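Residue strings, one per chain:
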Amino acid sequence: MFGQLIVSGLAVGACYALLALAMVIIYKTSEVLNFAQGEMAMISTFIAFTLLDTYQVPFPYALAITFLFAIVLAIFFEMVFLRQAKDPTVLGLIIITLGFEMVLMGFVGWKWGPDQRALPFPVSNIEAYTFYGLIISKINFWTLIVSLVLMLILFLFFRYTKLGIAMRATQQNQLAARVMGIRTKWIFSFTWAISSMVGAVAGMLIAAMGVLDPPMMMDPLLKGFASGVLGGMTSLPGAAVGGALLGVIENLFGGYVSLSFKSVVAFAIIVLMLCIKPSGLLAKHYVKKV
Amino acid sequence: MASILKIENLTIAFGGIKAVNNVSFEVEKGAIYSIIGPNGAGKTTIFNCISGIYPPNSGKIFFKGEEITHLKPYRVAKKRIARTFQNIELFSHMSTMDNLMLGRHIHMKTGVWRGATFIYKNSKAAKEEIEHRGKVEEVIDFLDLQAARNQFVINLPYGTRKLVELGRALALEPELILLDEPSAGMNLEEKGDMIFSIQDIRDDLGITVLLVEHDMNLIMDVSDRILALNFGEKIAEGLPEEIQRHPEVLKAYLGEEEK
Amino acid sequence: QAVRGVTDTEILIGQWGPQTGPAAPWGAVARGTDLLVKMINDQGGIHGRKFKYFLRDDSYMPAKTKAIAKEFVEQIGVFAVVGGVGVATGMTARDYLMENKVPWGGPVTGVYEWIHPIQKYLFAVYPLYDDEAFNMTGYLHEKLGFKKIAMFYQNDDYGKQGVMGVERYLLKHKIKLVEKVSAEVTDRDLSTHALKLKNSGAEAVIMWTNPTGAALILGESAKIGFKPQWATSSTLSDSALMMQITRGLWGGMITSFFGELPDSNHPLMVKYREAHKKFAPQERWGVFYYAGIIFAEPFFEGVRRAGRNLTTESWVKAMETIKDFQGIGPPITYAGIKDRQGGKHVFYGKVRPDGSIERITDWIRITK
Amino acid sequence: MDIKRNYYEDIELFKSNTILVWSILFLIFLAILPWFIMKYHLLGLSIYIVNLIAVHAIVAIGLNILVGFTGQISMGHAGFFALGAFTAVILVLRWSFPLWIALPVAGFVSSAFGFILGLPALRLKGPYLAIATLGFGMTITTIIKRMEFFGGRMGLQAPKLELFGTPMKDIHYYYVIMVIAVLMTIGAVKLIKTRVGRAFIAIRDSDIAAEAMGVNLTYYKTLAFAVSAFYAGVAGGLYAFILGFINPESFHLIMSITFLAMVVVGGLGSVMGPICGATLMTYLDIKLQAIQDISLIGPALVTLSQKYMSIAGISNIAVIVYGLIMILIVLFEPLGIFGFWIRTKRYWKTWPF
Amino acid sequence: MAIRGVSLEVQERQIVSILGSNGAGKTTILKTIMGLLEDQPDKGTIEFIGKRIDGKDAEDIVHLGISYVPEGREVFPELSVEENLKMGAYTRKDRKGVKEDHERVITHFPILFQRKDQWAGTLSGGEQQMLAIGRALMARPKLLMLDEPSLGLSPILVKEIFGIVKTINGEGTTILLVEQNAKMALKISDYAFVLESGRIVAANVPNVLLEDEDVKEFYLGIRSEESAKGYQRWKRKKRWR
Ligand SMILES: Nc1ncnc2c1ncn2[C@@H]1O[C@H](COP(=O)(O)OP(=O)(O)OP(=O)(O)O)[C@@H](O)[C@H]1O
Ligand SMILES: Nc1ncnc2c1ncn2[C@@H]1O[C@H](COP(=O)(O)OP(=O)(O)OP(=O)(O)O)[C@@H](O)[C@H]1O
Ligand SMILES: [Mg+2]
Ligand SMILES: [Mg+2]
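These protein sequence lines map, in sequence, to chains D, F, H, P and W.
At position 214 of the first sequence the residue is numbered 214 (my numbering), and the sequence of numbers has no breaks.
At position 50 of the second sequence the residue is numbered 1050 (my numbering), and the sequence of numbers has no breaks.
At position 113 of the third sequence the residue is numbered 2113 (my numbering), and the sequence of numbers has no breaks.
At position 38 of the fourth sequence the residue is numbered 3038 (my numbering), and the sequence of numbers has no breaks.
At position 118 of the fifth sequence the residue is numbered 4118 (my numbering), and the sequence of numbers has no breaks.
Think of the hints as simulated: they come from the structure by calculation, not from any bench.
Among the hints, erroneous ones may be present.
To be verified - Chain P side only, calculated, beta carbon under 8 Å to chain F, not exhaustive:
#	residue
1	Met3168
2	Asp3170
3	Ile3171
4	Leu3191
5	Thr3194
6	Val3196
7	Gly3197
8	Arg3198
9	Ala3209
10	Ala3212
11	Gly3214
12	Asn3216
13	Glu3333
Owing to the predicted nature of the structure, the values given are computational and were not obtained by experimental measurement.
Beta carbons: idealized from backbone N, C-alpha and C, even for Gly.
Generate coordinates for the entire structure from the input sequences, incorporating the hints supplied.
Structure representation (structure tokens):
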């Protein structure tokens, strides 16, 4: 059982990690906690659903159109709402994302109704691979692969292009960043677009593993957020590590101690970790110097 | 006169770099004592150690004969040591008045219950508040801050903000005040005023001053004694005239030619 | 003297139900009732009075439900509340409605709260979950011969009453429940839960959860090759939906039912389906949509029996005369002033691989 | 500066007679409001809704002490709210405490937990603090759910209270709640103006400087949590009784977020702001579905839904509008509704010019 | 209104200083040129090498070749010193040139090399100032604008800074300098403007300005020796209120 718990822990962890990644990308540039992340992913998934189910669009095309939609949606939100805020406080920005979350949630409910659906997906969520007696469903396996690859690409991209540093610079001091010639507005749009795409991937995978309905991202998003914090909100590898850790810890706790406190324990552990390392596992703690 | 502050073999390192290395000095009560040294010599770090923001790796700090080495900053403040900061650290969304009132924090007692429930002018909380406002008003007069009294400090000019910060430190009624580059960013006129203010603080209020500055005119005008640091180490200590001529100080800090 | 919400031509009635938020799928019930109202009005109403129906969205938040109840009584002035989804939500309104003598027919949950203690103006319809679970365990154990039974339930009042019933039966017959696994309503990862169930070696698993939970646990179980006989409550009797969201795993499920099957030839069902085409063609003809009819039928029957002289008291009297009344739901009987639990029957069906349902029993009485 | 200042002016509640007069008028308004509501159902209000608004306002004022003044975020206030609710109900139900004792006790129980939560929160900032508080809120409700003592997941029925032998109705609760709300508002205003409040704000603006001026960070940060939780606890106690039935499920994350939204939308860092925010958000939350009943818009929305959207989801329009209002207020008035109010006031003051 | 009716021209390859007391509007001028103010100038135009740049975004202006050392350092506190410098060269594509400039910065400010992996936020005040200047140099701008570069630097470094400015200028960079330290600034400038309450009150080559009694007294602190300190303090206060 131990091995199986770890394997399925890693599999969920991968989803958490993707969402954490999406949140971290945005937080890295603008210090905004994007609570609309889940709903953005959810609406993208519904678009994919409509394409696949109603219009019978072949999967690769549907995927491409969905990504396009995710990008447009994110850029729209960033430009039309966030950017227009005058003298925004961090909290104000959070509330804007919360408002946007409601708008999206309402829109999806209005358009598609509240019923649960199944997202047609090329990879089965029931068939499984077996390695040395450990069972991992095809979709979980591919989720792991996809998130690892995505993580690696993003990590390398941000590490080895100037852009990665520029993103952090933008978060820390927008004025100075602009004075360096960093096109902060462009960076914002860009990161929102990337993040929304990563979110859409997560959304589709989560829907394919379970059920597609408007509230489907509420729990995963929280866990994703928790993973991001656990790993350190400014660290991409942190998001991956945080997600995997959270998934595994949760599963082990659920398996051996108590299922009913499973989801709470995740938070308890995070709080304990934060007491020791206040900025997450992989981010350096900064104390302002006077 | 007895020494009010005594530092013994203070050492602190950040990841291998010794920011302050085995520095000892004593400040006499009622003196204006200056610390000079090139950028990154460890002056601010010494201040941070005294006020408890950084715990030193080794060495001891005594205030009025009592050891304060590992006290938390607020406990140090309670011993009546106040300070200003190199990059102004004011409460920017409070008025000047409230900034200074915060300086009175340690002298006041009102807690949550009393604060939330006082009703009339003679309630304890109100009385205390009024009394301390009176004190603050004295500080405001002392520094000529009347014009800024009710403004949010975020809207004040740089020079005035520096004064407010000084005022906040004075409001604490300290016995020792640590001033970190009080005249940086000021124009000549304001620098001149600052010289008088520092002297007044010592002469009128009887507060011992520990000063870090890069403006040599100011240093020479006000200091009783000067400590010169370089790379965290003491290179010289003495009267202003001695320091001014000290070869190492000249080399590391003042620049050799000129004058 | 005037009766609140009743005029010469009109009777005002109201219902709350989540139309938004996570519980919104259940909100279909409230819209189903609307269909019945439209149909009745279309036929000229009852005793010359047509119904005016107020549907309010409470998003499954108790504070809102109470506000709606107050609006119904103080501002709109309804004659009665019909249906109403949710326990926690309904409980904030129950006492208030009763104090104000507002008739309440057919709350949309099968819990004890509605009949314990007996409320004079509250007539429950939904068969009790507890009894349902008790009986279902018996069915699995006695009729189908399963010895090792496990339970998977949702961590809320609904799931808990299911557990109560199952455990009550097992205790009575001195059998041990091999495993009892619960999930939060919001949980989207049930892999550990499935693993625990599998490790228990259960032959049959009774499931008391919402559609999402059911789909997830079936998926996870299939993944790890755990294939017991599943059985579940009437809340999951919408097999068309379940078939779709479980991607076919629903086949073989044993379900209890509180109403006719969606494609039943029952004459009333035929009539309702026609009305559905006429008045609300956009709605999906799902079990919970027409459940809105099931839970409201007895109320209207009461109004019919009360006659033209409709008052709160006359309605209560009329309701108490209902014996073996059957619409498309279970037979309804209110045996006097001590009995406010109308529905006491369910029937069982087994889901065929194509999603259609094989009715394996007739209506079975589950409440003694 | 020869004018002798009367320093009391600065901390006086009513700085001028105009404010005093307005305050008295406002109190009178509050006193007779129920009569208007019962008679005319102003804006579709019922006394119950006003009670709910007042309870939310108390939470929001308390939350603002933490968020707006001390600069620490909390996404777990529903937890404190729940603690207060359950404590109050249990005290009255199991040990027959009178309400006027049960409420403060509920407040103190919450505030004790606030203090505990404040400790790990000391070094945390931003998202880290958000997740810690969020986790706290979820943990509290999960624990309550698990304990039969608290009624388990079925929840608890609040006992019916009596006032001079007659059962208490909404209108009685109204006056009880209003008195408490007004007192707690005044308390918050005064607290902010005196030593403790100053220390809170100082921590928000520069914790290092605050500490160097003698403010004990540990103490004041946890104190802010405790005070804030106290407000939530008292409000929770009231909430339980106006609702009549409490269930741990209903104190969820969305509730915490709504509280936060009330504070931000109303205006951070003022005492009136959160009150405005609580009023608006609560009212909208309950009444927004009425847009479907408005004469012209309603049918248009139905047609729209039939044509392009789904009729089953039509109620979601209210959610969309709610979200949009939230966004727009924060977007165009960073100081919240209260900022808007200040601007209009200033505009009128200088009006002809 | 922080500045009004200001016209100033900076010739190529010159060092031009703007002097003036606190709050005179010096920073505002630089920020306006950089396009950093939310409200673009109500009236007037800004041109750079013949191109209108008013109304443009700061980012675009930087790309045109203007570099700016903002008042108050504004380093990226949680980036290392090295990364801060890298950001300075953000707009540049020529790796070799960047490397050269990096070396040059390090020879000017060796301490930055010693601290290269330290977070900029934990540098001492003066080190941060050096970093801010170094960072701006990394862009190898056509026009370098410095806002009080000597703030918080030790006397020896102040001299050095002015030396560096002179050197850079010699290498072909035009310099617009805002300074409190008027004496030093005038020493290296080719031209200077004196600003008072948002207006230009004097503009000339340093030699001429140095003759001006008012300028001498108020900006250079050269005062008649006989006046007692205290008396003068009061007099000055009165006159400037
Ligand atoms: N928190 C810290 N982490 C790492 N290094 C630090 C930290 N604080 C200070 N230092 C280093 O210690 C040295 C001394 O810094 P300090 O601030 O005391 O200098 P200073 O003498 O005040 O210089 P300046 O005149 O420029 O303000 C500097 O080199 C600085 O980089
Ligand atoms: N954003 C702003 N809003 C309103 N007033 C402003 C703003 N920025 C600057 N000011 C005002 O404009 C005037 C000029 O400010 P500026 O910062 O340009 O002065 P300065 O000459 O750079 O002074 P210093 O030597 O202190 O840096 C000041 O009176 C200041 O208060
Ligand atoms: Mg320093
Ligand atoms: Mg300036």
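Hints, one by one, checked against the model:
1. Met3168: Where the cut-off is 8 Å and the nearest Cβ of chain F is about 27 Å from Met3168 (chain P), the hint is violated.
2. Asp3170: 28 Å, violated
3. Ile3171: Nearest chain F Cβ about 28 Å off; hint violated.
4. Leu3191: Constraint on Leu3191 (chain P) satisfied, holds at 4 Å.
5. Thr3194: Holds, about 4 Å.
6. Val3196: 5 Å, holds
7. Gly3197: 7 Å, holds
8. Arg3198: 5 Å, holds
9. Ala3209: 4 Å, holds
10. Ala3212: This interface hint holds because 5 Å falls under the 8 Å limit.
11. Gly3214: 3 Å, holds
12. Asn3216: Holds. Min distance 5 Å.
13. Glu3333: Because about 17 Å separates Glu3333 (chain P) from the closest Cβ in chain F, which is outside the 8 Å limit, the hint is violated.
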